[in-house]
Every structure is written in C-alpha cells, then in structure tokens.
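Peer 1: Now for the letters of each chain:
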Amino acid sequence: MINLQEVIETNKMIEQENLDVRTITMGISLLDCADNDLTVTCEKIYNKIVLLARDLVKTGEDIAKEFGIPIVNKRISVTPISLVGSACCRTPGDYVQIAKTLDKAAKEVGVNFLGGYSAIVSKGMTKSDELLIRSIPMSLACTERICSSINVGSTKTGINMDAVRLMGDIIKQTAEETKDADSLGCAKLVVLCNAPDDNPFMAGAFHGVSEADAIINVGVSGPGVVKYALEQMDAQSQMSNVKCEMSNVGCELANFELLCETIKRTAFKITRVGQLVAQEASRRLGVPFGIIDLSLAPTPAIGDSVADILKCIGVEHPGAPGTTAALALLNDQVKKGGVMASSYVGGLSGAFIPVSEDQGMIEAVETGALTIEKLEAMTCVCSVGLDMIAIPGDTPATTIAGIIADESAIGMVNQKTTAVRIIPVVGKTVGDTVEFGGLLGYAPIMPVNTFSCQRFVDRGGRIPAPIHSFKN
Amino acid sequence: MTKAIITVVGKDTVGIIAKVCTYLADNGINILDISQTIVQEFFNMMMIVDLTKSVKAFNVLSDELAKLGEDTGVQVKCQLEDIFDKMHRI
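Chains A and B are the protein sequences, given in the same order. Mapping to this note's numbering: the first sequence position 65 is 65, numbers consecutive. Just add 1000 to the spot in the second sequence (first one is 1) and you have this note's numbering.
Incorrect hints may appear among the rest.
The list that follows gives simulated cross-link-like pairs (lysine-lysine, DSS-like), each with its CA atoms no further than 30 Å apart [said to hold, decoys possible]: (1) Lys-1011/B to Lys-12/A; (2) Lys-1053/B to Lys-58/A; (3) Lys-1003/B to Lys-107/A; (4) Lys-1019/B to Lys-471/A; (5) Lys-1011/B to Lys-264/A; (6) Lys-1056/B to Lys-65/A; (7) Lys-156/A to Lys-12/A; (8) Lys-1077/B to Lys-123/A; (9) Lys-58/A to Lys-1056/B; (10) Lys-1053/B to Lys-471/A; (11) Lys-1067/B to Lys-100/A; (12) Lys-336/A to Lys-1056/B; (13) Lys-1077/B to Lys-264/A; (14) Lys-58/A to Lys-1011/B; (15) Lys-65/A to Lys-1077/B; (16) Lys-336/A to Lys-1053/B.
Source of the hints: derived by calculation from the structure; they are not laboratory data.
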C-alpha cells in the first residue's frame, strides 16, 4: 500500500516543483472532410472537430481534479490542411476561410491552440501546398488559436530549398502582418525537418496521414522536478563528505553515474503520471491512446526551466562550454527513464530549449552567455531547434532562409527532428525586449550574423538526401 | 473498489482528524488506513478511503473537503489513488 512519504513526495512535485501534464492533444483526421466546394469543406471540418472534441476540455479538467495533477493545455491537431483543402482552394484567400473555420471550431470546443495549418513539402510542393504557404501570413493575422507548421525536409528526401527560400519570405510577411502585436504571428509558425506525425506540442503539431481517425497524444513536463531532484542529490553527496562542508573547496559532487541515475528515475516518475492521464483521457473520450511525448517543456514560471537543470548539472549559464554535452546527457536520460514508464513513446521526446519560454534561457541571453550559434549547436543533441527566438525586424528574408537551411541540415544528417521558430520583430532591434505574454513569455532580441547567404538560398531546387538514408 | 487518498497538511490544531472523519462517516466513506506525522510543526496526515459507497460524487466530495480544510486552517486534498500507485509502483 502507498505510504505517507510517497504521497508527500508526489504532492510536493505538483505543488512546489511545477509538475504538470503539459498538454492533452486530440489528433483528428480531416481527410474525409475534403470536398470540391469550399463552403461544404468548411462545414464538414467544423462539424467533425466539434463532434469529436466537444468533451475534450471538460474531460481534461475532470481528470486534473480527480488525480490532483494540473493539465495545462487541452489542444487539437488536425490533418495537414494543404491536403484537406487541395480540392477546393484556388487562392490563398480560400485557405484563409479554412483557417477561420478552424479558429471558430477551436473556440467552440474551448481549446487554446489548434495545430495542423500545415503542409508537408519535404521533397516538392504541390500547387495546393504553395497556396497554403502563401496564405499563412494572412491566416495567422486574422485568427487567434491556429498554429501553422511546414515540413521542408527529411532524412529520406533531402531538403526542399525552394520551400526554405519561400518560408524566409513568409516569416517576414507574417511578422509584418502581426506587427501590432510584436509580430506574434511568427510564434505560431514553425518550419520543421523530419516532423513527426504524432507530436502533441505546438506550434508543430499536426495529425499525420499515417494516423487513425482520432487519437489522444499527451505531452508531459516537469523540468522543476528534475532540477529539485538534482539539487537534493548534490546536497546529499556533500553531506556525506564532511571535509567538503568545512572547506567548500574540492567539493565532492555527485558523479555522472549518480547524476544520470537521478534524472532517469525522475523522468520515469513524471512519465508514469502522463501515461495515467493519457489512458484515462483515452478511456473517457472513447478515442484510442496514441503516444506520450517525453519532453521536458519549460514555461516562463520561476522554477520551471530547462536552463536551470543545465545549471544544476554544472554550467554557470546555458551557452558556457560544456552546455551541449550537459544537454545531450539530459536528453538521453529523460528518454531512458521515460521509455520504460510508457507503453508508446513518440512525438518529439526530448528537452525543449525555447528562449522566450524559459526564464533561465532569457537570463543567459541577457548576460551574454548564449548566442544563436551556440543554440544551433545545442539543437544537434536535443529534440527541437531554434525555438522562440526574437531577432531584429530588419533581418533579410534570405538570412532567415539560411538559418532554416542550417537547422534542416542538422535534422537531415542526424536523422532527428529540428525546427525553426524565430520572430523577426518589426521595428525592434538588438537591445530591445519583446513581450508575447502567457506561456510564450518574453525575449530579448538576439543578434544575427549579418553576412549574406543570398546566393546560396536563391539557387533553387533541393539538397539531395544524405548517403546514410539509403538503407533499403 | 474506488480508492482515494485524502491528505491533510497544515498547522497542528485540536480536532483536525475528528472533523475529517466525521465528514467521511456522514457521507458513507470507509476509512481503510490512516497515517500521520509531524514535520517541522506541520501536521501531515494521509487517509486511504474507499469511495464505493459514497453518497456524493467525487467532485463534490473534493470541493467540500477542501472547504472544510479552509475553515480549519489546513489544506485538505482528495485524489484518486492511481496517481500515487502509478508513480511509485512498477
């Protein structure tokens, strides 16, 4: 039987260390909503989402109450809209109509974000894909809850450089269209390489074509819990060494073996809670359980930071030498602990290192410890990529395309997901700060390398798949 | 059997257990186990209860227990047992 200490430990994680389930995301296939009439398509989309997800928010709240664990977000991901709209959309404006329909449906069922305003163009763009991409600036400007993602490359197909170049322009236009809100539209737009079909986290969530009609995916979190466990571990190691307490020189810190064990154990506990919530949500909604995404996702709240874990591991600020190794270790141990705790693992599964959503990362940028170049190196070993980074509003579209190409290349060669979600904030430059509010946080504008890559990104065509993708 | 864990945390005062137990008895909830400890003058109690014959729905119970705690100056939480079981037992 459960004992008092165990109960106290769990509740302390929830109350003091920000343990929560970050999101329950219902994936909904909209393939059966396609029609050659735009009005009919919109009607079908709205009806299907409202029918399947009408109890999602209430179920999430019930589970949160009964188990005493906060479930922060209830969200929806849908089939990439470029597929659903291909039969009826003739102009970018037609796609905007679908975006508005999705936004209306999201508001009706009460979810805070709906992802899947997407196109998968890793090898080539159809006419429909291109129309959707060109509609993004307007769609994100006139909707509130829609998230958009474009997959521009994969290990199997290489990188579609035409799409990369186009996305440079689209990001700039989105920033311009939403300039009154500090270019907030770009915070809901992500460019991916090797995008997973079952990711529950925004802005990159969409319901891939390999998925069932509807599915429940859950994203767990808990950087605060990991940080606390590491602090306890070091405190105990120091206590067991009296000499250390007296001199504070040559402290006997816990070694890597103990460090890894501690992270693994904590990740296991966090993930078990996610698994429980996922199974309950799936049972109550009558929708099959898909995957648990084992990600350490930070929020701007104090004590809910991945950067703080890196500091606990031993770097003064993220960005200091050693950061990439520390992050690699953290990411790997989270997976090792989490995999055993869940029956199905998927999505992005790794530590997130967004800048604006993590107080410790913001501080690292402000103190000058962390640059975009170091962040790029860090993305080689963790799940996502250049995430929630504010850059000067006058950054050229070609430079943004270059940044996307670099990040995609890392993903393509390392057979992992990478992404770019950067915000060229109109009218702001290095030294300014931008406030997005809520879970999106605030960010200092980071300097970008100003040397040109125009000749490179303007070449057109695609970068071939790497040699190690030929496994057949 | 639907099992829940009720935790009471707060400053030690006279009659905390009595109040919670009376409430549970009035609502047909059977107590399976009680353990308590005092950590740094803070009262920590845990009860494992059986909700099968509860006359009230979980949501109502949970809210009323929280309210009862507020009136006494302690924090009372009611959670289904599964969350602890899943986290601490393989």
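Peer 1: Taking only the CA atoms, is the gap from Lys-1056/B to Lys-65/A under or equal to 30 Å?
Peer 2: Cα-Cα ~15 Å, so holds.
Peer 1: Regarding the pair Lys-1019/B and Lys-471/A, is the alpha-carbon distance no greater than 30 Å?
Peer 2: The hint is violated at about 68 Å.
Peer 1: Sort out whether Lys-1053/B lies within 30 Å of Lys-336/A, counting only the CA atoms.
Peer 2: Violated, at roughly 41 Å.
Peer 1: Take the C-alpha atoms of Lys-1077/B and Lys-264/A, compute the straight-line distance between them, and say whether it is at most 30 Å.
Peer 2: Within the cut-off at roughly 29 Å; holds.
Peer 1: Is Lys-1011/B close enough to Lys-264/A, meaning Cα to Cα at most 30 Å?
Peer 2: violated, 35 Å
Peer 1: Under the criterion that the straight-line Cα-Cα distance not exceed 30 Å, is the pair Lys-1067/B, Lys-100/A satisfied?
Peer 2: violated, 43 Å
Peer 1: Verify the proposed pairing of Lys-1003/B with Lys-107/A, using a straight-line Cα cut of 30 Å.
Peer 2: The given pair, whose Cα atoms are some 36 Å apart, is violated under the 30 Å limit.
Peer 1: Compare the distance between the alpha carbons of Lys-336/A and Lys-1056/B with 30 Å, and conclude whether the hinted pair is satisfied.
Peer 2: Outside the cut-off at roughly 42 Å; violated.
Peer 1: Is Lys-1053/B within 30 Å of Lys-58/A, Cα to Cα?
Peer 2: Holds. Lys-1053/B to Lys-58/A sits at ~25 Å (cutoff 30 Å).
Peer 1: CA of Lys-58/A to CA of Lys-1056/B, is that 30 Å or under?
Peer 2: Judged against 30 Å, a Cα distance of about 19 Å means the pair holds.
Peer 1: Are Lys-1077/B and Lys-123/A close enough, with their CA atoms no more than 30 Å apart?
Peer 2: violated, 54 Å
Peer 1: Holds or violated: Lys-1053/B and Lys-471/A, Cα atoms, limit 30 Å.
Peer 2: Answer violated: Lys-1053/B to Lys-471/A is near 60 Å, above 30 Å.
Violated hints for the displayed structure, listed by number in ascending order: 3, 4, 5, 7, 8, 10, 11, 12, 14 and 16.
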